[in-house]
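Asks: So the chains spell out like this:
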Amino acid sequence: MPQKLPPKDVAIIGLGWTGSILAYELADAGLDVVAVERGPWRDTATDFPPSYAPDELRYRIRHELFLRPAQVSLTFRNNANQTALPVRDWGAFMLGNGAGGAGVHWNAETWRFLPSDFVVKSHLTQRYGAKFLPDDMTIQDWGVSYDELEPYYDRFEYLCGTSGTAGNLKGSIQPGGNPFEGPRSRPYPTPAQRQPFSHTLFAKAAAELGYKPFPQPSGNLSRAYTNPLGVEMGPCTYCGFCEWFGCANYSKASPQTTILPALFRKPNFTARTDCEVTKINLDRSGKHATGITFVDSSGEEWEQPAELVMLCGFQLWNVQLLMLSGIGQIYDPNTGEGQIGRNFSHQTISTALGFFDKSKFNFNPFIASGAIGMCIDEFNGDNFDHGPHGFVGGGYMGQVQSNGRPMEFTDAVPAGTPAWGAKWKQAMRDNYLSTVYAGTGVHGSCYSYRQNHLDLDPTYKDRFGRPLVRMTMDFHENELKMNAFLTDIYAEIIKAMGANRVDKRPRKGPYDVTKYQTSHLCGGAIMGSNPKESALNKYLQSWDVPNLFVQGATAFPQNAGYNPTGTVGALAYWSAKAIREQYLKSPGPLVDA
Amino acid sequence: MALASGVALGDNTGQDFSQIERGRYLAAAGDCAGCHTKPGGKNFAGGLPVATPFGIVISPNITPDRETGIGLWSNDDFVRAMTEGIRRDGANLYPAMPYVYYTKATRDDVLAIRAYLNTVPAVDNGVKADQLPFPLSVRTDMAAWNKLYFTPGEFQPISNKNAEWNRGAYLVEGLMHCGACHTPKNFAGGDEKGRPLQGYALQGWFAPDLTTDDRRGIGSWSAGDLAAYLKTGHNRFSAATGPMADVVTHSTSKMTDADLHAVATYLKDQAPPNEKAPQPVAASDPAMKMGAAIYADECSACHTPNGKGIANLFPSLAGSPNVQSTDPTSAIRIVLAGTQSVATDRAPTAPAMPAFGDTLDNREVAAVLTYIRNAWGNAAPLVSAGDIARHRDSLAKGDE
Chain A
174 MPQKLPPKDV AIIGLGWTGS ILAYELADAG LDVVAVERGP WRDTATDFPP SYAPDELRYR
234 IRHELFLRPA QVSLTFRNNA NQTALPVRDW GAFMLGNGAG GAGVHWNAET WRFLPSDFVV
294 KSHLTQRYGA KFLPDDMTIQ DWGVSYDELE PYYDRFEYLC GTSGTAGNLK GSIQPGGNPF
354 EGPRSRPYPT PAQRQPFSHT LFAKAAAELG YKPFPQPSGN LSRAYTNPLG VEMGPCTYCG
414 FCEWFGCANY SKASPQTTIL PALFRKPNFT ARTDCEVTKI NLDRSGKHAT GITFVDSSGE
474 EWEQPAELVM LCGFQLWNVQ LLMLSGIGQI YDPNTGEGQI GRNFSHQTIS TALGFFDKSK
534 FNFNPFIASG AIGMCIDEFN GDNFDHGPHG FVGGGYMGQV QSNGRPMEFT DAVPAGTPAW
594 GAKWKQAMRD NYLSTVYAGT GVHGSCYSYR QNHLDLDPTY KDRFGRPLVR MTMDFHENEL
654 KMNAFLTDIY AEIIKAMGAN RVDKRPRKGP YDVTKYQTSH LCGGAIMGSN PKESALNKYL
714 QSWDVPNLFV QGATAFPQNA GYNPTGTVGA LAYWSAKAIR EQYLKSPGPL VDA
Chain B
2 MALASGVALG DNTGQDFSQI ERGRYLAAAG DCAGCHTKPG GKNFAGGLPV ATPFGIVISP
62 NITPDRETGI GLWSNDDFVR AMTEGIRRDG ANLYPAMPYV YYTKATRDDV LAIRAYLNTV
122 PAVDNGVKAD QLPFPLSVRT DMAAWNKLYF TPGEFQPISN KNAEWNRGAY LVEGLMHCGA
182 CHTPKNFAGG DEKGRPLQGY ALQGWFAPDL TTDDRRGIGS WSAGDLAAYL KTGHNRFSAA
242 TGPMADVVTH STSKMTDADL HAVATYLKDQ APPNEKAPQP VAASDPAMKM GAAIYADECS
302 ACHTPNGKGI ANLFPSLAGS PNVQSTDPTS AIRIVLAGTQ SVATDRAPTA PAMPAFGDTL
362 DNREVAAVLT YIRNAWGNAA PLVSAGDIAR HRDSLAKGDE
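From first to last, the protein sequence lines stand for chains A and B. Each residue of the first sequence is one higher than the last, beginning at 174 in our numbering. Each residue of the second sequence is one higher than the last, beginning at 2 in our numbering.
Chain A with its partners taken away, still in its complex shape (with noise of 0.2 Å):
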C-alpha cells in the first residue's frame, strides 16, 4: 500500500517544458503544486558549467542528459505482422530525463506551425478533394485555430526571448521574414541571430533560384535578453554544443533558462524529482482523477492526492500512462475503435550533402548554434499546388548546420568512402571544412494513418512490471513521394551554392528505429472537437476524465513539417489560460461532448 501524502491542489506529472509553464500559471494562480518527475534535479550552475558542458563524448555519444533503455523502453515493429522486440538504444529519437525535460537538450528551433496545418483535413479536402488523400491516412483538424493560438504562441516566444525576423506583421508581409508564416501580433522579442557563411550561401543560392530565404527562428538568443519573468538570458557565443547538450551560456531557451528561476521562489511549488509516476488514480466512476502514485528512488510508493491533475510527460509515456491508467479506451486499429494510441506519428527528415572545392570554400562549421540557419518555406505545408505531385504535406528546408562536432561528423564523406581506414581518414582531411552537412536540411511533415499507433505490448515489461509501450511505425508511399520531391530541390540549392558534387541522402522505408530523425514524436491522445475522434478536447482536456490535462505533442492529430516545440509551448499557455479562467471558476468540461 502506498504512504498517502497530504493532498495538493495540482499534481504535474513530468517537469519539462509544458509541466514548467503549468506550474507556473498554476501556482501564479494561487494553487497548491506539485511537480513530479521522473529524473535528476538539473540547473545551470551545477550540471552544465562552462568547464565541461560542451563533452561530446560524454553528451552526445554516451547520452548522459537521456533516459537509460534499462530504466524505461519501449518495444518497436514496422507493422502488425511483425512481432515488436524492446529497443535496447536510442536512436530514431531522443528520451529526456531530468527537470527540463527534452527543453534541455533541444536545439531550440522555434516555429509557428502554418494556419492551414491546424485545419489540415478541411484545408485539402477542400483544395483537392477527398480522393486526393490515401484511404488509411487518418488525419484531423486540431479543433484550435491558428488564430485562437496566436497570442499564446506569442507568449511562449517572448518566454524564451527567441531570435527571428518577423514575416508576416498582423498580415503585412515583411522583408527578411518567412513569408508563408500566419500573421504574428509582434515582431520576434530578439532579431535573428548572425549566420555563418555556408549558412549565408545558402540563402543567396535560394533567392537566385526564386525562394525567399529567412533565417530560421532561434532560441540561441542573438543578444542578452531579460524575459517577463525577470529571468535573465545571454547571447549566444555560437558554441555548436545545444542538440543532446545543455547550455551553460544561459543562451539556449529551455526551462532552466527561462522559468524554474521564477518558479522556485513561489512558495506554493514544490517539485519532487526522480521520482516516476506509475498511474494516474481515478475514483469509482472512472471519470474523476484523484490524484496521483509514484515511486521514489528508494523504492517507495506514494500516493499523492490532488485536484487537478495535468499530465506533461514525453509524448511515448504519456499515452502509456494513460492506458496503464486505464483511462480512456485503447486504440485498435482493426476496428478503428479507441482513442489512446491513435495517430501517432513522427517526422519524415532528409538531408543532401554538398561537397565544395577546399580551396576555395572554409565553411568553418564550428561557427554554429542549434537553431542557426537561412530556410526556405515554399514547399511546407499546403504552400504549394500538389495537384500535379500525387501526394500532400511538406517541410522547410536549409542550411541549418547545427555543429562541427568531430564524433557526429564521421559520415561527412562521398558516397563509396569506406567507412574507415586511411581511404575515409584522408576524404574526411579534404572534405572536413568545406562541406554542408545539414542533418535535418529537409524537415518534412508525418501525416498519420491508422496503422501507425501505440499500445501496450503483450510480451514485454519495464522493471515495476508494467507492459512497456509498444510502437508500430511505417513510413507511406505518401511521406516518401514528398521526401524525394522536396530532397531534388533542396540537393539543387546545394548545387546552386557552388559544390562540385551533392549526395542525396532521402528519407527511404521501412521506417527505422534504430536512425536518428528528430524527437518529435506526436499523437497518441490527440485533441479534436468530439470525443468520437478525439482523446481531448481543444483545451487538453481529457474527454474522458475532465480533471486531467494532457499537454505537449501528445495532442497533435498528426505532425507538420515543423519542428514541434513552439506549438507545445503555445498549447500549454493555451490551455493554462483555459483552466485558470474557467475550469478553476467552474470545474468540469470545458467542451461538452
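No lab work stands behind these hints, which were simulated from the structure alone. Heads up, a few of these hints could be off.
Beta-carbon label-pair distances, calculated as ranges [stated by the list, open to error]: (1) LYS194/B with PRO213/A: 49 to 57 Å; (2) ALA312/B with PHE539/A: 51 to 59 Å; (3) ALA283/B with PRO213/A: 41 to 49 Å.
Examples of chain B residues lying across from chain A (beta carbon under 10 Å, computed) [as the list claims (entries may be wrong)]: (4) HIS235; (5) SER301; (6) THR305; (7) ASN307; (8) LEU314; (9) PHE315; (10) ASP388.
Residues from chain B that keep clear of chain A, each with C-beta distances beyond 10 Å, as calculated [said to hold, decoys possible]: (11) GLY154; (12) GLU165; (13) GLY220; (14) CYS303; (15) ILE311; (16) ASN313; (17) ARG347; (18) THR360; (19) LEU383; (20) LYS398.
Just so it is clear, the structure is predicted and the values come from calculations on it, not from any experiment. Ideal Cβ placement from N, Cα and C applies to all residues, glycine included.
Once you have looked at the hints, place chain B on chain A.
Replies: Same frame as chain A, but now just chain B:
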C-alpha cells in the same frame, strides 16, 4: 503575519501595527535574521555559529520565549543591548553583535524592532552562546575593548548635507552595519580609525572597498547601479555572492527604493583612500601571456573577450573592484571553488561561476588572475602560485 501572530500573543503592550511594520522593516535593514536565524531554522531562534577573528560566537535566541529568548526583557534592557552592548544580566556582549553600529539607531527605531520581535512566535531554544576560549571567554574584557573602540551615541545628522544623504548615513553607519565587514580591522578586531569602508578580508572573502575609488571601489558605479545591486543582487557590472548574497537575501532586497537610494547617495560621497594605483603588470609578462590564453579558452564565453561581461548576468571584470582589490582573496576563491550569485524576486536567475580548482593548477590560476587584474585598463599586484596554494589549502580545510 506580523499582525496575526501579534494578536495571537495578546500579552504585549503597544500593539501598534505601524510600529510593528516599521520594526519588521528595520529588523531587515539591520539584518538581524542574518545571525539570529539559522538556515532552515525558526525565525530569530538563534543557534547560528558566527565566525569572528577570535573564534566562534553562537547567536542567541531573540524570540519572545520567556526562558530561552528575550521575553522577560524590558524595553530598556533591549535598548541597552542594542546600543550599549550590555546584556539584561549586565554582562557585556561580544562585538559580533554589532552594537558598535546599532548604537547610532534612534531609540524609537530600536523600540520598533523590539515591538516587531514581540510578535514573532516564541521558540524554546536554549543557546550556549559562550564558546570563545580563555581569556576571551571573560566577558568583562569587553569593557576595556569598548573603551578603546566603541563610541556610543545616536547618529547626529550633518547639517550641511541633505536629508537623503543623512538618511543614508544613518542606515550605513547604524543598522545596516556595513563597516562590520567592509571597514579594515585592527589586531583587536576594532575598526581602524580613518579608513572607513575601505575593504577587509574575512570569512574567506574580501569585502570590497565601498569608497568612490575608481579602481578598487565603486567610483564607476552610479547611485542607481548601487541601489539596483542592493535591491536585486545584480547590476550592469556585478553580482552579489558569498556573504553579500546573504545580506541581499535577508536585508537589502527587502528595503525600499528610497532608502537604498539614500544609502547609495551616502556611499557615493565617501572619499577614496589617498593611494596611488599600482603600475599594471606588463602584457609581455609571461604570466600575462599565459593568463590571456587561459582567459580566451575558459572565461571569455561568459565574461566576453573584452572583459565587460553581460549586464545583470555575467559580471564585468574590466573595472571591477573585486578583481582589482589589493587583497585578491575573493577572486582566488571564486576561481578555485566557484560561486553562485544571489536570486531575488526581481532578478531570479542566479547565474553561477563554475569551479576551476580541479582543472587549473596553481600556476594557471595565478596567471589568469594576474591577467584579469591587469587587462583592459585594470591594475593590481601580480598573484603568485604560492598565493593560490595557500588559499587552496585553507579552502580544503574548510577555513574559508
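Asks: List in ascending order the numbers of the hints, as given earlier, that are violated by the structure.
Replies: As far as the earlier hints go, 2, 7, 10, 14, 15, 16, 17, 18 are violated by this structure, in ascending order.
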